[in-house]
Amino acid sequence: MKNQTEKNTFDAIVVGSGISGGWAAKELTEGGLKTLVLERGGAIEYATSSKDPWEFKYRTHLTKEELKERPVQSSHCNAGDKQFYVKDSEHPYIQEKPFKWIRGYQVGGRSITWGRQSYRLSDLDFEANKKDGYGVDWPIRYDDIKEWYDYVEEYAGISGSSESIPHLPDGVFLPPIPMNAIEKHLKESINKEYSDRTLINGRVANLTEYKKGRGRCMYRNLCSRGCPFSGYFNSNSTTLLDAYNSGNLTLREHSIVKEVIYDEETKKAIGVKIIDAISKEEITYYAKIIFLNASAIATASILLNSVSKYFPNGLGNSSMQVGHNLMDHVVNEGTYGTYNGLLDKYYEGRSPGTIYVPRFQNLDAKTTNTDFLRGYGLQGKGNRENWESKSTEGFGIELKAQLETPGKWKISLGGRGEVLPNYENKISLDLENRDQWGLPLVKVHFEYGANDLAMMEHMTKTSEEILIKAGFENVRSYRNSPPPGSAVHEMGTVRMGIDPKTSVLNKYNQMHDVKNVFITDGSCMTSSACQNPSLTYMALTARACRYAINQFKSNLL
Amino acid sequence: MQRRKAIGGILALTGIGVASFTGIKFFFGNSDRGQLPNYLNLISELVDVIIPPTDTPGAKEAGVEDYVIDFMESCSSTKEYNNFFNGLNDLQETCLSDYNTTFEVCTEEQKIAVLKDLDSSADANSLLTKINNKIRGRSFFNILKSLTVEGYCTSELGATKLLAYAAVPGSYKAITTLKPNQKAWATQ
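Residue numbers (my numbering), protein chains in the order written: chain A, 866 to 1422; chain B, 4 to 191.
Zero decoy hints are in this set.
Distance condition first, Cα-Cα at most 30 Å in a straight line; then the derived DSS-like pairs of lysine-lysine:
{"hint": "1", "chain 1": "A", "residue 1": "1334", "chain 2": "B", "residue 2": "133"}
{"hint": "2", "chain 1": "A", "residue 1": "899", "chain 2": "A", "residue 2": "1076"}
{"hint": "3", "chain 1": "B", "residue 1": "164", "chain 2": "A", "residue 2": "1255"}
{"hint": "4", "chain 1": "A", "residue 1": "1326", "chain 2": "B", "residue 2": "133"}
{"hint": "5", "chain 1": "A", "residue 1": "1210", "chain 2": "B", "residue 2": "164"}
{"hint": "6", "chain 1": "A", "residue 1": "1380", "chain 2": "A", "residue 2": "1308"}
{"hint": "7", "chain 1": "A", "residue 1": "929", "chain 2": "B", "residue 2": "133"}
{"hint": "8", "chain 1": "B", "residue 1": "186", "chain 2": "A", "residue 2": "1210"}
{"hint": "9", "chain 1": "A", "residue 1": "872", "chain 2": "A", "residue 2": "899"}
{"hint": "10", "chain 1": "A", "residue 1": "996", "chain 2": "A", "residue 2": "1291"}
{"hint": "11", "chain 1": "B", "residue 1": "133", "chain 2": "A", "residue 2": "922"}
{"hint": "12", "chain 1": "B", "residue 1": "137", "chain 2": "A", "residue 2": "933"}
{"hint": "13", "chain 1": "A", "residue 1": "1052", "chain 2": "B", "residue 2": "176"}
{"hint": "14", "chain 1": "A", "residue 1": "916", "chain 2": "B", "residue 2": "182"}
Partial chain B-side listing against chain A, Cβ under 10 Å, derived:
{"hint": "15", "residue": "65"}
{"hint": "16", "residue": "66"}
{"hint": "17", "residue": "77"}
{"hint": "18", "residue": "78"}
{"hint": "19", "residue": "79"}
{"hint": "20", "residue": "148"}
{"hint": "21", "residue": "151"}
{"hint": "22", "residue": "153"}
{"hint": "23", "residue": "155"}
{"hint": "24", "residue": "162"}
{"hint": "25", "residue": "170"}
{"hint": "26", "residue": "176"}
{"hint": "27", "residue": "178"}
{"hint": "28", "residue": "181"}
{"hint": "29", "residue": "189"}
Calculated directly from the structure, the hints in this document are not laboratory data. Here a beta-carbon is modelled for each residue, glycine too, at the ideal position from N, C-alpha and C.
Just chain B, with the same shape it has in the complex (with noise of 0.2 Å):
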């Protein structure tokens, strides 16, 4: 992490100049999309340790950086698809600089830490997290955990595997007791 926080000093003495193009870039960047076919590996990768293979499929079994990347090119805002963008370049420069290599090929705890740093370093509770929210969009790993757990529940495995899905219960019995180990509905 050391050069990344380097960086960060360096780019903190620059000063205004930088931080307004970051800005501008934000708020009206053409974001050029359709660039996350590309990273299909990396997403892939990622999405596998957000939900990993266990008793049940995991994320990259169930094709979820398939679901990912067509939600990010087809549906997100121009700023979550920069801050997706750009957070996947800063996640393998990361990697380079702490790992000396990508996060396709490092190992499973140096990704899990990587991507740990990721998760604490944005406290989604937060009031403060919710305005910038609300202002930059949510961050990459935000994004990147929701789209994750999304489209894991959704898929055919995950809803089926690590949940319970009925596609035509036919009937309704509104009080169960609950089952030792019953899984939660994979929908409402």
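Excised from the complex, chain A in its bound form (with noise of 0.2 Å):
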């Protein structure tokens, strides 16, 4: 511990100001710790957020230059986001198999940029591994977490509506967003046609009313470029500010986390070993506690590249498990149809919402489907279509008379299914290969099981037979699936679990062979149940920080 100073030692140190690293910021800092945020990205301001589309030169494309740079980014974001996404030419990886690694660094690192669906799991999430015996038992059940779902919901502004489903347990809600006329008319041909599944509000992180500090959502649909009005949760306008409005916060930037340090002796982490990404100079920083959000796949490389002689195989890993089990969630590329009616209808204001239909597979006896385990859920959208999607015919005055009338109803539905834990699946890193601040590139070897592709053929066939049922006509899907990681939900490479020979985190996202490092991202999950994973890592990460305060303030840590 030479060159230790009060300068640079605090009394946490949280790796990642993304979605998880910002409640971590927010619980220790409010908690009374003086917490290091370590953000390997830059500040970031909101330059698109409120142009025109004709500010931009090239409308919503990218250049030939800018996808060069981005060949793996590039099918996530366009000209508006494409600041909030890594040039993969400047952080490479290697894809043993086709997985898209969605990036952002940058402080709030993917909070900027995410989907903002925000579901709960339940018993049958946290039963699913016991009961089919697919990964491990996780080592909580919905009872541990309701109270924190409640408390991060409450927090970040959930928009949605009760519909008392015992597998997508009820949370604390402002007002939903409502449906347009196509969206209800599909709900109540579902309400009809079907008794084993119903269609609702999308959950959304989107405000409908106004919140302490915050706008409210101004129904502009451009949140990937970052909201001026703090109209959806984000680490950078809630959990960040709270953090720094303590007074304990320092934040760090351009901060790459090279390796935990861990103390044979004191059998301990006591620090974090980092490059700063412009002068690419090594600092350590002293803690007491560590919290890792780095996003599952950068965790894991973060302890697989902290090796000593007591854990040679990476910190915490006794188990061989870290890197392991990756998952995403499974998604098609999605279904469409039109709908010749309600054309008296329409409506004012761009909608951040969606429409959802709960997982109905494999819930009970009644609805067990032979083709696959677990299950999945539709997410989709119903607008009428403009210029962007309207087929014209000629040009000319003709040609102006079809773009400046409504079009058509049209609704997109896509899937969104649970992922089973594969050891198979993991990250490793290449010790041969690189980048510019000399750290070892990550590889990713992840493939889709019989399960996984079976529930990705079952949700187009559903998806057609809903839109059909309603009276759709022109109903298409694409039959391409997207590669894994297109759902950017990575998760399940350093395990919760009650058995430390076979997972590496225990019930409060401790790691078992090292009591102060805490992991509290997607890495953590055990599995992946089929709901968009981001609200259960703050509930998660709320919860975890609550046991670590109380730990450390009882001198246990």
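If you follow the hints, you should be able to join the two separate chains into one complex; please do so.
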């Protein structure tokens, strides 16, 4: 611990400032801990958030030059939000099989660009591994996390409707974003045609009412550019701001964490070594508690790179599970259909919301699906075609007339399915190939299993059937599936569990092997469920922070 | 159109040599980007036939030619750049042979006739066209029309005069009754 000074020593260090890192920063600083947040990217500004379409020289398109720098990220970004996605050319990784690692290196991380869908897990999810034997059992159940969902929802602001669906628990909701005419039509049709499923308002972290210190959603539907009204939840306008206001926050940008330093005498981590992204200087910071919130792949790679005599395979990796069990959600390309009716109805304002068909397979004996285990939900959106989607005839005056009138109603639906945990799906380090900071490149090895693929096929068939029964025409699906990683829900690489021999974290997201290291980003997930996961990361983070603060104050860490 | 058809016939007779030359150029051609600014006047006239001025502004007034050129120069694939560039030259050649003048100084009727010929020669929805688009890139007319529509509908004049645009709606009325002649929203 030489060179340790008051200046480089904190009560806690949080690695990453995205959704879960922001929560850790807020909870720890408000709990009275002097906290250092390390973010590998820099500060952001909302340079494009208020631009009109004509202010973009190439409209939404990326140039060939930009595409070349972003062969992976380009499928997920456009000219309006590209600044919140990394250049693959600067941050390479190795795809042993095709896997999209979509990243945003900046203060706030991917909380700037996330999809904002927020759903609770239930005991159907927490018990799934135990019941069918894939993966290990979760060390928690819904009762352990329920109050923490309440807590984070109340703070974040989730708009949604209470539906009394046992496996998709209701939460603390702001008023839902209402459905438009075609979405209501589809809801009514599903109610009429099916007894096993329903369609609900998507639950999204957009403010339908004012919240202290934040604006309301202005219905611009430009969320991914950053919101000048703070109309949706992200770290920058909420958790990091509260952490800053507590007086206990130090935020260090451009700080790439190289490794967590382990002390064999105390059997604890004593700090982290960083590389300044710009000067490339190595600096060590010390703390009694360390939270890793760098995102599933990055957190696992930090652990694997933290090699010591006691942990030759990476910090806290006596189970040899670190980096393994990588999951994403299985998604299809989507199904579309148009509807010839309701032509006297329209809308005003642009909804950032969605509609949602919650999982309806394998809930009980009656809903057993013989094609696959577990299940999926469908997300979608309806609107009237405009110039972007209308197919038009001819040109001239005739074309103008077609462009200026609202087109047919259309709905798009896409599935989000649970991926089974599989030890073979993993990330590892390539010690032979290194990045510009001298860190080993991450190798990703991921393949969908038969169960995942069966689900993908099923969600497409189901979407088509639902739309056809509701009277839609031209119902079509894209049959080719997007590569894994496309849901940007990577998780599972440092899983929670009961047994230290088969899991890395305990029920408080504390490392079994190293008691003062906590991991609450997506890597902690023991199974993936089919719900969008960020809300669960928030709740687990707040819960783990409470535990860590109590332990810290009782001098147990 | 007679002379073009004759040329087509001659090319067909000369056979494989020419065809494979075109093929190589399609796939491996090192297209010389940077040439389209020289075609500014022609492209301005073309976009204005696709979206002419009526009681609302036309594409030329909305500056759509700049967008077409910017996109083609910086964003397009090599295949489509070549298709577009060759399409412009073929079009001028057609005008010279049919009307003895360039497209820019053709009469309105002549301009419309030239584009109509290009439009009907490619049925955008046919399976063959779709397969062809995949392999060879979209046709000259398809590129021209879709970029003109996009450039115009996202231009300030197009979005606010032909269509309806609200930068900051402020609220969301999920279900409204369509008013007579209500315009489509420019953005979703």
